[in-house]
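Start from chain A and add chain B according to the hints.
In order, the protein sequence lines correspond to chains A and B. Residue numbers for the first sequence follow the working numbering, beginning at 1 and rising by one. Residue numbers for the second sequence follow the working numbering, beginning at 1 and rising by one.
By construction, these hints were calculated from the structure, which means they are not laboratory data. Since the model is a prediction, treat every value here as computed from it, not as a measurement. Take these hints with a grain of salt, some might be off.
Using 20 Å as the maximum straight-line C-alpha spacing, the simulated EDC-like pairs for lysine to aspartate or glutamate come out as follows [what the hints assert, rightly or not]:
no., chain 1, residue 1, chain 2, residue 2
1, A, K59, A, D99
2, A, K115, A, E57
3, B, K135, A, E15
4, B, K104, B, E167
5, B, K125, A, E15
6, B, K135, B, E115
7, B, K135, A, E57
8, B, K128, A, D235
9, B, K100, A, E170
10, B, K173, B, E112
11, B, K129, A, D235
12, A, K322, B, E82
Residues per chain are reported as follows:
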Amino acid sequence: MRMKYIFYDLKRVFESRALVIICIISPIIIMILFGSIVAPLLFTAKITKFNVAIINEDKSKEVAAFLNQMLNSKALEDLVVPYSVNSLDEGIELLESNDVLIVIHIPNNLLDSIKSKKKTYVDLYSQNGHNLEITLIKMTLNSSLSTVEKGQNLIEYSTKFFLNKGISLEELESFVTHTTNLAINEFMNRRAILSQEGTISPVGEYVPTEYYMGAIFTFFAVFAMIPLAAITSRDLKKNVLQRGFLWNKRWIAYFFARIFSGFIFISMIIVLVYPSSILSSLLNATLKMDFSTNMPALFFATILSALCYSSMALLIGSVFYKGDISTWVAFYIAIFMAVISGAIIPAVFMPDWVNLSGGLLPFRASMRSITNALFLYDRNQYLIDIYKLIAWNIIFFAGAFFSMRKRGFAK
Amino acid sequence: MIKINKISKSYEKQKILNNLSFEIQKGEIIGLTGPNGAGKSTLLNILALLNMPDSGEYYINEKYVGENIDYFRSIVGYVPQEIALFDELTVLDNLLYWSKYSKKKAKLKAQEIGERLDLYDLFHKKIKKLSGGMKRRINLAVGLLNDPKILILDEPMVGIDEKHCKEIFFYLKELSQQGITQIISGHYAEQLMHIADRVLYIDEGEVQFFENVLLYTEFLLKKARSAQ
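Here chain B stands alone, though its shape is the one from the complex:
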């Protein structure tokens, strides 16, 4: 589904990603983690087609993304870390605004996602009147609106209460079973372990660990021992 081949990216002569390579299968959920400044956000931006790498290739379904970037952007759903909504509009208006579908289909889709993420009661409230956690859920809902084949989520659970976190995890698992590939970044490994199939740990722009989630604890222990 996704193939990253030797990608590198620098900002102001500082190498952020260094010859990074990995592959992700269809429907997999990948937990992306690493220390601050490891290059997680840069990698997410490249995966979400927001930025292009300086070198290396990015393939989706064995096709080079640069050949038809508009199409690939249309199949990638991105949930940024910061709230990316229009404060002046209601929740429903935001969902309709960001939808690529016709008004009728967009409404149906908004209702479906609204019910799954427990947003239905908020539909007619303005974004600026909602709490941080509520905004995060709507931020996530917008990323799911256009039936993406690949979903990139940058720390989506920050500020969301436990009850809603569980609901979201359950929904993301369901989407994974439907074949939607997901890459979820997070600082807290425990959160990712609940949902991820594999964990991608990067540090200093390089892949340090990319294995089954069950082996991740062992990797962390080894890392802690070597640090001592």
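The shape of chain A in the complex, shown without the other chains:
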């Protein structure tokens, strides 16, 4: 008998095919638009600049030139303000006082390692919650070092070739410096080159997209509450209730059926994050990036998020059941959560108290746990967000349960 309620509830929720299709494909369309148009604008705006402390223990002029090239590249020039510091301790102190977001530590043997074709390491330090910024720096550094390493063989061969041809050492040094700079510069300008050609491939613009992937999917999952809250409040209006819709413990069957169908509806919107994560894993493998997608973690984060917003929709629909108010309440709650949680304006630019409040909401927990599981699996941060989601699930589930119970009793 209970299956009947689930079956018909699913039929009702998925009745409008147009709505379902729009809900499912919207995150992808928005992600492409965001990745190719909005994010580059946002990330080249002056407001988004952040401070980076650099400890360069390798005093060679080549490394200095390399750093200069990297920080003035198209990828980073409008984004970072570099500060040179003398020691790692000083850098960490600045990091802890929030004066810088990232500390880059270049070891004293970087150039030697490159020349001797050894594996090169640069240490990066940041606080939790600055995944985007550290990704940007990490990827640019990786790309630059990779270019330098690969270019080294060619430059060495060219140097020997020109020495044999009788070219002077000064001229050769000038050639090597110029060629290395040119290689880095061309590599760093790839975003501009790709944009000129009209490419919207994630290869060109995937840095902002990957960060916003979690935000966009969470945004649409939260927005899916609106039709769910609307259909719930419509059910709880006088006429259907008068028919004994929620009598004789039918309300329990209705409650679980609606939670389940809401969960399926929201899951269908978030499910596209999986092919997206496979795509980014392929990019990771191809481009040797530092992603670490954790599929079980992603699965768990999406399940908890879908359940959370399904319960929340039921709570809104059953509390604000009069008139059409539930639609608007759900809409404003979704917008409020998205803004305060940093999905629209990066959290780092918000006042501390807003940032702190946003951190308590389920939106930030969903967004960050999905992003974290997708790209930069940090177990501790992930677990904190998952605990928050579990807590919100309990709150919304209990709230919706008692609200529905109240609706099920005659006055």
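Showing chain B alone in chain A's frame:
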């Protein structure tokens, strides 16, 4: 079958029903009428066990309804004035959704009622695609699904064409012969006179007339004369 003893109900300090008492026998069809604001809907809500009176008692088969409200609700069929159906589902889905029976029995019952109320052709159409009159017939069909012993109908004929009205009246008469007690509210006395055994006229929360339908015209004439 039904005994109402001195029930009263107020909303926001305004007395809607005032010490109302009457009895209805098994299988009777009662036409409930009265002017706007007389308390008809409040009385129907109490009879349908949607609301409880502030004071007084309601008995069904000599048992106080408050003792086992879930059971009594299961034997009362209610057809609200407004359409109480799920727009997104088909007619058949609605009939199956509201049925208390297993799928097989629910289908048989839906087919039986569908044939009686001329709904069979509409079974696979979505409610939102139907006309107002069609929806009213399905609204009524849902109220009949679970073999109620008492049927409460709040203005069930509004918007239904004459042909289908006659069919519904005929069916309700048949149900009455099977022992199903019915209380049908309506603004238009002529409609109720076609079907009702007795008419219950209430005004200002009190019973003004509760007699055989044949005496109702005389009551209305007296009322009109006294108003002059």
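Do the hints match the structure? See the list:
A hinted pair counts as satisfied when its Cα atoms are at most 20 Å apart, and A:K59 with A:D99 does not qualify at roughly 25 Å. The hinted pair formed by A:K115 and A:E57 meets the criterion: a straight-line CA distance of about 17 Å does not exceed 20 Å. Pair hint B:K135 plus A:E15 holds up; C-alpha atoms about 19 Å apart against a cutoff of 20 Å. Distance restraint check for B:K104 and B:E167: the Cα-Cα separation of roughly 26 Å exceeds the 20 Å cut-off, and the hinted pair is therefore not satisfied.
Between B:K125 and A:E15, the direct Cα distance comes to roughly 13 Å. Compliance with the 20 Å bound is thereby established for this hinted pair. This hinted pair checks out: B:K135 and B:E115 have alpha carbons roughly 15 Å apart, not beyond 20 Å. For the given pair, B:K135 sits about 81 Å from A:E57 by alpha-carbon distance, which is inconsistent with the 20 Å threshold. About 15 Å separates the Cα atoms of B:K128 and A:D235, which keeps this hinted pair within 20 Å; it holds.
With a C-alpha separation of about 95 Å, the suggested pairing of B:K100 with A:E170 is violated against the 20 Å cut-off. For the proposed pair B:K173 and B:E112, the alpha carbon gap of about 16 Å is at most 20 Å, so the pair holds. Distance restraint check for B:K129 and A:D235: the Cα-Cα separation of roughly 19 Å lies within the 20 Å cut-off, and the hinted pair is therefore satisfied. At most 20 Å may separate the alpha-carbon atoms for a hinted pair to count; A:K322 and B:E82 meet this at roughly 16 Å.
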